[in-house]
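Going left to right, the sequence shown walks through residues 1 to 362 as the working numbering numbers them.
Derived from the structure by calculation, the hints contain no laboratory data. A virtual CB, placed ideally from N, CA and C, is assigned to each residue, including glycine.
Computed beta-carbon distance windows for the label pairs:
| no. | residue 1 | residue 2 | range |
| --- | --- | --- | --- |
| 1 | D321 | W209 | 49 to 57 Å |
| 2 | G235 | V120 | 43 to 51 Å |
| 3 | A259 | P76 | 48 to 56 Å |
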Amino acid sequence: MGVLRGMPFVAVVLFMLPGAWSAETDSDPAGAPSVGSDAASIAEPAPSGGVGARVAVNTSGSAAHAFDIEVHASRPIELVAVRIREGKEVWGRYSLIVDPPQDTIEFRTASFRFLPASYVVEVEVDDGAEAETKTFGPLSNSVQKLIVVDRDAYPQRALLIEGDRWFLFGRLVASSEVSSGLSKHGGTPLGYYHVRNKEPNAYNAKEEWEMPLAQWYTPVDYPEGVNGLHQGFEGTIYGIRQSHGCTRMPEWFARKAYAWSDLDTPLFYIGNEYQTAYDRGRFDAGDYRFFQALTRDMLLYHQALLTREEAPTCFSREQADVVDRMQPYEEELLETAAQYRRFAKGEAFNALVAELTALRGE
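Using the sequences provided together with the hints, build the complete structure.
Shown next as structure tokens:
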């Protein structure tokens, strides 16, 4: 069994959350302020007889993924709810119960764990009798993409992930069972890679194989040959090893992954069984605890979105501090994907993972 043993449960959550699968572009809408810019805006007062609230929203200068909220209302307010919305999808919720009610309120939200490439901030103000919602944006954010394949899990599975500052705690765009290489053919090596080339209609002249929607991630001088991900052949049984080294994907997932990924998108092959000589210089089995935590965190996040829970869609200050301290390690992971170096920070990285796990009570 691979380390991502929770993946069958992730698949269930995905079927319950089809909207979370939509792959979004990371291009900025024209004129949209970035997440790091001054996003202050004052909403116009509501017509006479309503809550009559004026609301200001600023990106926090002291906490990542957080917002400073200021509310001025014509009568005391009991509840202020803040939502991060992308189209019809809500990716984060934070509410403040005002006790006793007040007509002027200033507060900072918790740190939202994910901010999409383009989003709006909704602020709902409720005085107990009426509620008003003010919308600010669109705001833009730079999004990092990541492909993770668990080679040694049963069933084998690939994940498409988006995030930004905390990209390994982002959203799960899509997930599918896949089929990697058989040991007798050299297998599919573990490691950190990136998408080097994409071919919509690749062809293997030697074997006379058509390989649609191919994404190649190993250099031409790679010891076991060029490896990639592509649409599988008729008769492929996904979830188990069947290929000569490439990763075969169902047609629907191959199309989504091909359209979603970019050149240089990082690609991580993880597992717990050394299969080829090339594995030994790249990946230590002890580094997989972080990816276990990643999978568990993805599951909790999407469950929270489904059930409209608020706390799991945000990090507390203590949790955000730990996740922020992970950022240099995440940047190191990205560099290994681009430079084919070994990631050697596993022990320190996993200590932070354990600290975050304890803080979240998992």
